[in-house]
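**Q** Each chain is listed here by its residues.
2 protein chains.
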Amino acid sequence: MTDHGMKERPLFRQALGAVLRAYRFESGRTLRDIAQKAQLSSGYLSELERGHKEMSSEVLESLCDALNVDVSVVLLRVSGELAAASSSSLLSGISTAN
Amino acid sequence: MTDHGMKERPLFRQALGAVLRAYRFESGRTLRDIAQKAQLSSGYLSELERGHKEMSSEVLESLCDALNVDVSVVLLRVSGELAAASSSSLLSGISTAN
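Each protein sequence line maps, in turn, to chains L and P. Reading the first sequence from the start, the letters are residues 17 to 114 in the numbering used here. Reading the second sequence from the start, the letters are residues 17 to 114 in the numbering used here.
Just chain L, with the same shape it has in the complex (with noise of 0.2 Å):
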């Protein structure tokens, strides 16, 4: 299903790791200066930014307070990433249907 050029739906890794760069970038801040908050290697990081692993739970508290965000709000914000995401690929499911 490479049809239109279709993205797949991201899984929730990536969305977290995008959502979170969000933050950063929206911040104004490097990935050094979140690194070191949150006691992260700069090179983690960008794997968490990118959707490459999966982080625990106690990094995304110290990613979340590093970038003065609630887990909640970052939360609800991928929530609404993954349901766009899945209407696009239902529109394009009707779209290309027998």
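Possibly wrong hints are sitting among the right ones.
Same chains, same names: a pair is fine if it fits in one copy or spans any two.
Using 20 Å as the maximum straight-line C-alpha spacing, the simulated SDA-like pairs for lysine to any residue come out as follows [unchecked claim]:
1) K69 / R29
2) K53 / S43
3) K69 / S43
No wet-lab data here; the hints were simulated from the structure.
Fit chain P to the supplied structure of chain L, relying on the hints for placement.
**A** This is chain P only, laid out in the frame that chain L set:
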């Protein structure tokens, strides 16, 4: 800080496990039924529901499929649970502040 018998705010994996268990209860299905559908052992699913282990994004997808609920809906509910727990902590913090 055990004042007023307050519970600590749950970690993400604890809130997620509790929400997944709630969906299972609401649908009247057994641990064994959902574990089988999601291709997990009942023991492992039980650990996940109790928030004792982190689950991968792939396992989260499988469980949501088995429960017939969208990942985005589960995350929305987890977000709400954490926000509610946060508000209680805030209120408790205010009432016990010096």
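**Q** Hint by hint, note whether the structure agrees.
**A** Taking the hints in turn, this is what the structure says about them:
In the homo-oligomer, the alpha carbons of K69 and R29 lie at most 20 Å apart both inside one protomer (7 Å) and across protomers (16 Å), since each shortest distance falls under that limit. Proximity of K53 and S43 under a CA criterion of 20 Å is satisfied intra-copy only: 14 Å inside one chain copy versus 42 Å between copies. For the homomeric pair K69 and S43, neither the shortest alpha-carbon distance inside one copy (23 Å) nor that between copies (32 Å) is at most 20 Å.
Taken one by one, the earlier hints fail for this structure only at number 3.
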